[in-house]
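Chains as they are written, first to last, in our numbering: chain A, 1 to 134; chain B, 135 to 549.
Incorrect hints may appear among the rest.
As the list claims (entries may be wrong) - What follows is a set of in silico ranges between Cβ atoms, one per label pair, in the way DEER data are often shown: (1) B:W402 <-> A:N90: 56 to 62 Å; (2) A:V105 <-> B:G387: 40 to 46 Å; (3) A:E133 <-> B:N151: 36 to 42 Å.
Rather than coming from a laboratory, the hints here were simulated on the basis of the structure.
As the structure is a computational prediction, the values presented were derived from the model and not from experiment.
Ideal placement from N, C-alpha and C gives every residue a C-beta, glycine not left out.
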Amino acid sequence: MPLDIYAEEIISNYEHPHNKGKIDSPSVKLHENNPVCGDDITIYCAIKGDRLEDVKFEGDGCAISMGTASMLTDFVKGKSLSEIERMDLNTIKELIGMDPGPARVKCATLALKTLKGSLFLYQHKEPDASTKEL
Amino acid sequence: MAGIDVSKIKQDFPILNRVINGKRLVYLDSAATSQKPKQVIEKIKDYYENYNANIHRGIYKISEEATEAYIDSKRAASKFINSSSYNEIIYTKNATDSINLVALSWGEQNIKSGDHIMISEMEHHSNIVPWQMLAKRKGAVLDFVRVNDDLTSLDKDSLAENLDKCPKIVALTQVSNVLGTINDIRGISREAHSRGAMVLVDGAQSTPHMPVDVKDLGADFFVASSHKMLGPAGLGILYASSKVLEEMPPLIGGGDMILTVEKERSTWNTIPWKFEAGTANIEGGIGFGAAIEYLNSVGMSRIREHEKEITRYALEMIEGIKNVRAYGYPANNIKDKAGVISFTIDGVHPHDVATIFDSDGVAIRAGHHCAMPLVKSVLHLPAVSRMSFYIYNDERDVDAAVEAIKKTKTIFKKV
Ligand SMILES: Cc1ncc(COP(=O)(O)O)c(C=O)c1O
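Based on the provided sequences and hints, a complete structural model is requested.
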């Protein structure tokens, strides 16, 4: 695996995460884990109308999962729910600037999977196929 | 005793010529599975090209040759662990399959409600789950011997306490695949036998790396996997004495395990065939025979000495690096430690460690290593990184690992 997976930005987001913590009385929250690695995340969303006003996360895991969670929460804040629902692995690849590769893809997509899952939960919808695939 | 010539041994392993990310492959994951020497690869190729046939049945030359080669491999396996006869060696899929066979056949017949089954906190899942399932079916009690506080070995008091519950069976690993601890099976089985228990020894991590003698250990059951001992995957062994095997009911019915079949009933074949229904993993057995031959040619005592030295060297290096912790016995107490080093780097997740190692061509494992009770509840960690050694590893391989640790520390600024 080429080492650009540990780009400066991922590491600094892992060591100094943004949006880390809870939201008091969130619109929705969801907990997920990745049993293979033991990565663990809870996402808290504050939703107004069809917009994600605020988002925070708590969790434990590797630099890829936690660094991506930090970058993703920055990226999605203020976006519309439908826009977030369309995000997929490619969104993550662009966001972190590389392909995590088969060994680490589950780490890289954990935050997005959990975020999308929480939005479906909020709207009382079943997660769509693209979310289940993450 | 002269040491082993690793540079010569390396030449027997074609895979070690691979280049990964521009670096030579440094394989430090032999506790997961071993690499295969060309002697094993060629033996299997020779079987396919020259005497591929089903065994036990064909009255023709190549079937006889295949049958003979398969049984020869059992003879070699029998001798390798010092059982009395190849009739005491059952070929299974792997060590896991062997333990399940004991739990389902012997266990089903002998374990009753309220009986105790004793294992330990350092077992691999394969020596936990089959007993959990058996205990649930029977209403039996599963007891775990604790690991001591310095995380080196089984706790003496906990051991004595659990033996005093007079378990029906004691199932323990000879070598921990996480801590590398070599348990005193000989002493424990003496105590267990004096209380009437049967003893199962999980030899998955010992048989590849040190001389093993089932009689000296006092093992009533002994299991191992070919793929961890230079042989092909898909082949495991279960040893038990003829007496025990005669009394155990077969588990899987079908061809080869019977003597006669009528519409209403069948009679069982003699051991070991009673436990080997259907067409066997013939090429696996034959390849395993070649693996044993290879190990014998190097010498198991020498292999153990070599691994002791390389483990001591690695631990000395690792213990000298700040913010890196190795678990189990330290460098200055290597007598009961096999070539397995689990470690963590403060502030870095073990999976990130393994990815950075991989970028240097160094293959290590990260995770719970199929020992969740040990890693999560005893070490209190989500995962650990693990390097493990075999006959084809030398100090240069350790140096590559140490470099990778240093590289990890430069990538993560907080460390
Ligand atoms: C101590 C121990 N026991 C049992 C096993 C199971 O071996 P297999 O997966 O070949 O059945 C392993 C494999 O990692 C092991 O390390």
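Honestly, which of those hints from before does the structure not fit?
none
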